[in-house]
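Participant: Sequence:
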Amino acid sequence: MVLDVVILFFVLGVFARLVGSDLRLPEALYETLSIYLLLAIGLKGGIELSQQPLSSLAPEILAAALLSFLIPLLLYPIFRFAKFNWADSASIGAHFGSVSVVTFAVALAALSKQGIDYESHAPLWVAVMEAPGLVAGVLLARAAQRRAESSQLMGNSPSTVSAKVSSAQGGWKTIAHDVIFGKSVLLLLGGLFIGAIAGVEGTAPIKALFIDPFKGVLALFLLELGLVAGGRLAEVKKYGFKILLLGISVPLCLAVLGMFVGNLLGLSAGGVAIFTTLAASASYIAAPTAMRIAIPQANAGLSITLSLGIVFPFNVVIGIPIYIQMGMWVTS
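If you're matching positions, the sequence shown starts at 186 in the numbering used here and goes up one per residue.
Worth flagging that the hints you see were computed from the coordinates, not collected in a lab.
With a straight-line Cα cutoff of 30 Å, these simulated BS3-like cross-link-like pairs (lysine-lysine) come out:
1. 298 <-> 400
2. 268 <-> 422
3. 427 <-> 268
4. 268 <-> 423
5. 392 <-> 368
6. 298 <-> 392
7. 400 <-> 368
A quick note: this is a predicted structure, and the numbers were derived from the prediction, not measured.
Model the full assembly from the supplied sequences, consistent with the hints where possible.
Facilitator: Below, the structure written as structure tokens:
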């Protein structure tokens, strides 16, 4: 099967970094492209939401949120068994519990290229699955940390205990604010809201900017991600074979879980493929920011190397074609 053209842009970025090219995209352009993609995906989903009642989507919304929340809980004991400490186990689980918007966009492009229909409100699933996995990761980390510090708290004075409780509450407020009002969630939900309110006719004047050029912008963004991922390949050697094995096996296992959930919801073949892709993806935008605040003890380099250096390249080059076949197989 010939790779989609947007994937070839990603491969070009990886190749450029491996051969030591001076190719770079300006940081301001990278930020602009990411904002564009998040808004465009949200707008597309919102336009479709304007044509159907939101209540009919309640089972899908609930299933997406529950799946995102459960993934870190399922992975935490596996990572602990693999000899990761409690902080890294919770942080990596949160990265998998949240989703990759760009992986989702690549899956849409692949489905469109093959002429496979999918639920047009799929961007709603992305917006719903951004936060629950992060919350689950934080809960796991706080529970583990509480067990480790319980003896110290018993020996502290009441004023010290009160200060720690106040600090924890303040931390939760910061985390909640960053998760809910962070760039990715805010732009996705904002785009959904604007598209749902404006509808097809209201968004017609901006269609030429946000809808038609989407795939070209995605190609440029993947070029930059290829450069970043190529730079992370050296880090993979640093962490050893174990992280490479996890970066390939965990997405495949989660894909099976996502496939069955999507099938239980009665989604189309394309819809199951998207749900499978989302379950198998790992966040590298929202999760790193939230985890740096919530779990400062975790190794941020380890999590981003796994999610962006291994999981993302595996999914966009190898995984998505597999997930599409899984969706077609389970619905046939």
